[in-house]
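A.B. asks: Here is how the chains run, residue by residue.
2 protein chains.
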Amino acid sequence: MTSEPPVQRALEGVTVLDFSHLLQGPFATQLLGDMGANIIKIERAGSGDMFRSMTFFAKWVGGSESPNFLAWNRNKRSIALNLKSKKVHDLIMEMAKTADVVVQNFRPGVFDRLGYGYEDFKAVNPRIIYCSGSGYGEEGPYVDRPGQDMLIQGLAGLIDNTGRGDQAPVPAGAGLADQIGAMNMVYGILGALYWREKTGKGQKIEVNLLAGMLAHLAQEYVAVLNLGQDLKRPNSGIGHPGMQAPFGIYETKDGYVSIAMSPFKTLYEVLEAPELAVYDDLATLYDKRDEVWEKVNAETRKYGSAELLERMLAVDIWCAQVNDIRTAAEDPQVRHMNMLTTYEHPRGGTVRVVAPAIRMSETQPVIERPAPLIGEHGREILAEFGMAPDDIDSLVADGDMTIET
Amino acid sequence: MTSEPPVQRALEGVTVLDFSHLLQGPFATQLLGDMGANIIKIERAGSGDMFRSMTFFAKWVGGSESPNFLAWNRNKRSIALNLKSKKVHDLIMEMAKTADVVVQNFRPGVFDRLGYGYEDFKAVNPRIIYCSGSGYGEEGPYVDRPGQDMLIQGLAGLIDNTGRGDQAPVPAGAGLADQIGAMNMVYGILGALYWREKTGKGQKIEVNLLAGMLAHLAQEYVAVLNLGQDLKRPNSGIGHPGMQAPFGIYETKDGYVSIAMSPFKTLYEVLEAPELAVYDDLATLYDKRDEVWEKVNAETRKYGSAELLERMLAVDIWCAQVNDIRTAAEDPQVRHMNMLTTYEHPRGGTVRVVAPAIRMSETQPVIERPAPLIGEHGREILAEFGMAPDDIDSLVADGDMTIET
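Residue numbers (the UniProt record's numbering), protein chains in the order written: chain Z, 1 to 405; chain X, 1 to 405.
Rather than coming from a laboratory, the hints here were simulated on the basis of the structure.
Predicted model, so just to flag it, every value in this text is computed and none were measured.
Which copy? The list can't say, so a pair holds if one copy fits it or any two copies do.
Derived pair list, reagent style BS3-like, types lysine-lysine, alpha-carbon separation capped at 25 Å:
| no. | residue 1 | residue 2 |
| --- | --- | --- |
| 1 | K253 | K232 |
| 2 | K198 | K97 |
| 3 | K232 | K295 |
| 4 | K295 | K265 |
| 5 | K87 | K122 |
| 6 | K302 | K265 |
| 7 | K87 | K97 |
| 8 | K122 | K198 |
| 9 | K302 | K288 |
| 10 | K253 | K295 |
| 11 | K59 | K232 |
| 12 | K288 | K59 |
Using the sequences and the hints, build the whole thing.
C.D. replies: Pasting the structure below:
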């Protein structure tokens, strides 16, 4: 757990009823929680958030905990309820009267049919901000299709844009469509909170993964749709299908380095390869990019990564090492930024996690709680909303609430 | 240009002095502009934003305009000023008295040395929210290194996580580190705006690309750093180094499809390949994932993409087609969502662009202006801040302001 001094919190006093699961919604509410919002994670009674049962490497942190779940659920308290119960429905609507935000990412229509649509919440609290997340929006031909990160990367064109042209395309090795969907939820919710301060009015926000991914491919779309040319993956280490050499990933004696947009003359001079001067105009660097890549790569292979970077950085070539996760965790700048920290989890032990990404001089986001167990805070949350201990007990006895300890 | 009816705007009345260039800052301020903030893009006199001179394919929209610039600069007005001029500095500080937000993404220290640090703006307006973007934060061993999207993807571990294990790693084919940086700026600025409504106080926000990229690899970091196992790129079409089969990209007769997490039994049954049952437990599907991928791929190749998807979707296998940008633009769901629209640009003509990604029931983000020419709105902006026409003329005459028409 970080032990920074207490700070003021940008979203102090904002209560979020978070019915979301998997990645998109939970990352969004974690970002709100990092800023001090009161995140009440409402999981399904019994097994809780589906992400608790998914993992990498077929392994579990502390033998039982999902790294994926641990990554996206800090700064939240959990209550696990049977949303199909009439008694629970009444309870949620009571909680909604004083809540500020509702977040959900069930498939379109599912949550509405249980009586938890925007209109249901608005009826008890017109100031509510209701944010729904989905794969493809709430209508249209794909409305009933499963919406998942890699599927969206493929539909939007990111996968076709990634990898080598002489081989199959590949997804980006992280859940970026989901995570961009989360950022879009935050964008909508915070915009709506600001507007509510001005007008007193709530509203509904719809976010979907496909639209978010398209917006993050805006320059690729603008190029293809306006320049009349398709993006073709290069047959070399060039780093983007629209880019000219030398932009790309190059081999060294002991690994790889990236070289981004840099004056080509500076590059061939620092590599002591003046014969590359014949390629030095924009059209040639694009048309012959794979050939140029091969020639530059033949030079970079003569160096170790550290030596090559030192030479190139000295003349302000835009370049960097290519880390894996473990070397990145030890990278001097990552360490300097304290971007890797820990929290204590009752089953996972001391869990290493990534710290909040932004710095705010007056309202620094901080980690105050680990990811919760299923329904861990059910009793305290219901007590805060005025429920009597006997009524809480009867919810548990009826099987409508799960409390893991 | 979209011709939707007038709407209320979430960020109506918020004025942003936007000194940013390239991608991170401009995408952030475009997102604020889409919500109705008054974005005043302050470019350098003369050549303007550096992104105006960068492009894909070595081609230009309308013969002169950068698709990259066009993608990230709608809903802004431009004024082009010589920030080194004392007269301009006085002018900016006058404008700052009534502005709400300052955004800049110069290399650390550069903007401060010109007299435009947070403390300079705070001195004239303590309510100002000052957001700086950088590659690596404002201090530490890499503070003077160039910060660029692909470099950050590599440093943070995304590149090492992407591609095939028997080949070199590859970057994601879009500027995702930059764009995630932009979303983090929006997250910080909107959080700070909300807090300012409650307290009256401004603050400084620091965003950097490396921290943002790390936060979007949170589940990969949590897995590697807590499970004691490295992420190794698979030697097949498996879609993520931490995932088991069948998660991945598969060949069909006429292209590729993605298959995400789905019950393996359902998959081998729908593929009529019951012999795959021997692999059906989590540990085996991880350990033998490349072998499983080959066997599943041998089945998927028997089908055309459309037929295969229809069969798999009927039993709720999580799957989708892999589009390129052009087929994605014609995809039925993308068309249904109206995610591709146009605006009219004086030199680029009718430019096809990606629409705002989120839907808000009361304050829908809309496109109201195309990307501006260099300094196009200089006169009207200065007039709004009370500057006399003669004084504006003398700024132009002195070479301190550029107006392109």
